Amino acid sequence: MLALCKVGNRREAEVFRWGLIPAWMKEVPKSGGFINARAETLASKVSFRDAFRSRRCLIIADGFYEWQKVEGKRKQPWFFCLSSGEPFAFAGLYESWKPPQGEPVNTCAIITTQANEIVAPVHDRMPVILPPDVYDSWLDPANRDIRKLTDLLRPYPASEMASRAEFPILRII
DNA sequence: CCAGACGTTGTT
DNA sequence: GTCTGG
DNA sequence: CCAGACGTTGTT
DNA sequence: GTCTGG
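The C-terminal position of the first sequence is numbered 263 in our numbering, with every residue numbered one higher than the one before it.
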């Protein structure tokens with residue numbers, strides 16, 4: 091997946107493998123890494139703390155799915171997007187993981203938070219979407235204010251979002 | 001204090 | 001009843 | 001999470 | 001490598 095990060099003074103777009111692998115891991119975990127990190131516990135979790143301190147990124151998307159448990163049926167997917175239809179940015183973390191041998195692998199995870207009112211009927215968690223005015227402070231590795239960074243990780247306003255039930259068969263683009 | 005975990009709930 | 005240690 | 005502690009260094 | 005659970 092493609093994500094924006096800040097290297098030196100420049101914003102860069104880089105390809106990351108979805109599934110963050112902490113630097114100290116010796117081999118690729120069975121799960122393939124951590125695809126989600128909880129906003130509430132980020133700062134204290136060994137696996138995310140370093141990335142949260144200095145390797146934050148933005149993951150561009152135009153929507154996301156949440157899957158609703160429906161009694162006796164397969165899970166029902168719902169599609170969520172901005173009512174403006176504009177693309178947006180998930181708050182993400184990345185790591186450059188060094189395998190025992192071979193080239194480093196860029197890995198990333200998205201951050202989740204409590205669901206807002208539009209997502210809550212479907213699922214209790216949702217990805218953190220950041221508004222454009224905080225992109226700079228989120229991306230800046232020199233930003234050491236963990237408290238303020240944590241405060242950015244809120245559920246996006248439901249009033250600016252739209253949703254629709256999606257049929258799995260039809261969703262292939 | 002040391003052994004063992006270290007993360008979330010995605011995918012169909 | 002509540003805290004602590006394993 | 002549940003079992004087991006729940007207290008301090010006084011006195012002879 | 002560092003934290004947690006026993």
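Quick caveat, the hints were computed from the structure, so don't treat them as lab data.
There may be inaccurate statements among the hints.
Here are the simulated DSSO-like pairs of lysine-lysine, each with C-alpha atoms no more than 27 Å apart in a straight line [stated by the list, open to error]: (1) Lys-120 - Lys-165; (2) Lys-135 - Lys-238; (3) Lys-135 - Lys-120; (4) Lys-165 - Lys-96; (5) Lys-135 - Lys-116; (6) Lys-188 - Lys-159; (7) Lys-96 - Lys-135; (8) Lys-188 - Lys-116; (9) Lys-135 - Lys-188; (10) Lys-116 - Lys-238; (11) Lys-159 - Lys-96.
Just the calculated beta-carbon pair ranges, DEER-fashion [to be verified]: (12) Asp-140 - Gly-98: 13 to 21 Å; (13) Val-160 - Arg-234: 30 to 38 Å; (14) Asp-226 - Val-160: 35 to 43 Å; (15) Asp-235 - Pro-190: 18 to 26 Å; (16) Glu-207 - Val-97: 36 to 44 Å.
Note that this is a predicted model, so its numbers are computed, not measured.
By construction, the Cβ of each residue, glycine as well, lies at the ideal position given by its N, Cα and C atoms.
Hints, verified against the model:
1. Under the criterion of a C-alpha separation no larger than 27 Å, the hint pairing Lys-120 with Lys-165 is consistent with the structure, at around 24 Å.
2. Only pairs whose Cα atoms come within 27 Å are accepted, and Lys-135 paired with Lys-238 is accepted, the gap being roughly 18 Å.
3. Between Lys-135 and Lys-120 the alpha-carbon distance is near 19 Å, which keeps this suggested pair within the 27 Å criterion.
4. Between the alpha carbons of Lys-165 and Lys-96 the distance comes to roughly 37 Å, so the proposed pair goes past 27 Å and is violated.
5. Of the pairs offered as hints, the one joining Lys-135 and Lys-116 holds, with about 18 Å between alpha carbons and a cut-off of 27 Å not exceeded.
6. Of the supplied pair hints, the one linking Lys-188 and Lys-159 is violated, its CA atoms being roughly 38 Å apart against a limit of 27 Å.
7. The straight-line distance between the Cα atoms of Lys-96 and Lys-135 is roughly 23 Å, inside the 27 Å bound, and the hint therefore holds.
8. For the suggested pair Lys-188 and Lys-116, the alpha carbons sit about 8 Å apart, so the restraint of at most 27 Å is met.
9. Under the criterion of a C-alpha separation no larger than 27 Å, the hint pairing Lys-135 with Lys-188 is consistent with the structure, at around 20 Å.
10. With a CA separation close to 32 Å, the supplied pair Lys-116 and Lys-238 exceeds the 27 Å bound.
11. The suggested pairing of Lys-159 with Lys-96 is violated, with an alpha-carbon distance near 38 Å, which exceeds 27 Å.
12. For the hinted restraint 13 to 21 Å between Asp-140 and Gly-98, the CB-CB distance of approximately 19 Å keeps it satisfied.
13. Evaluation of the 30 to 38 Å hint for Val-160 and Arg-234 yields a failure: the beta carbon distance comes to about 45 Å.
14. The hinted range of 35 to 43 Å is satisfied by Asp-226 and Val-160, whose Cβ atoms lie roughly 41 Å apart.
15. The hinted window of 18 to 26 Å between Asp-235 and Pro-190 is violated, with their beta carbons roughly 36 Å apart.
16. For the pair Glu-207 and Val-97, the beta carbons lie near 37 Å from each other, so the given range of 36 to 44 Å is met.
Violated hints, listed in ascending order, are 4, 6, 10, 11, 13, 15; each of the other numbered hints is respected by the structure.
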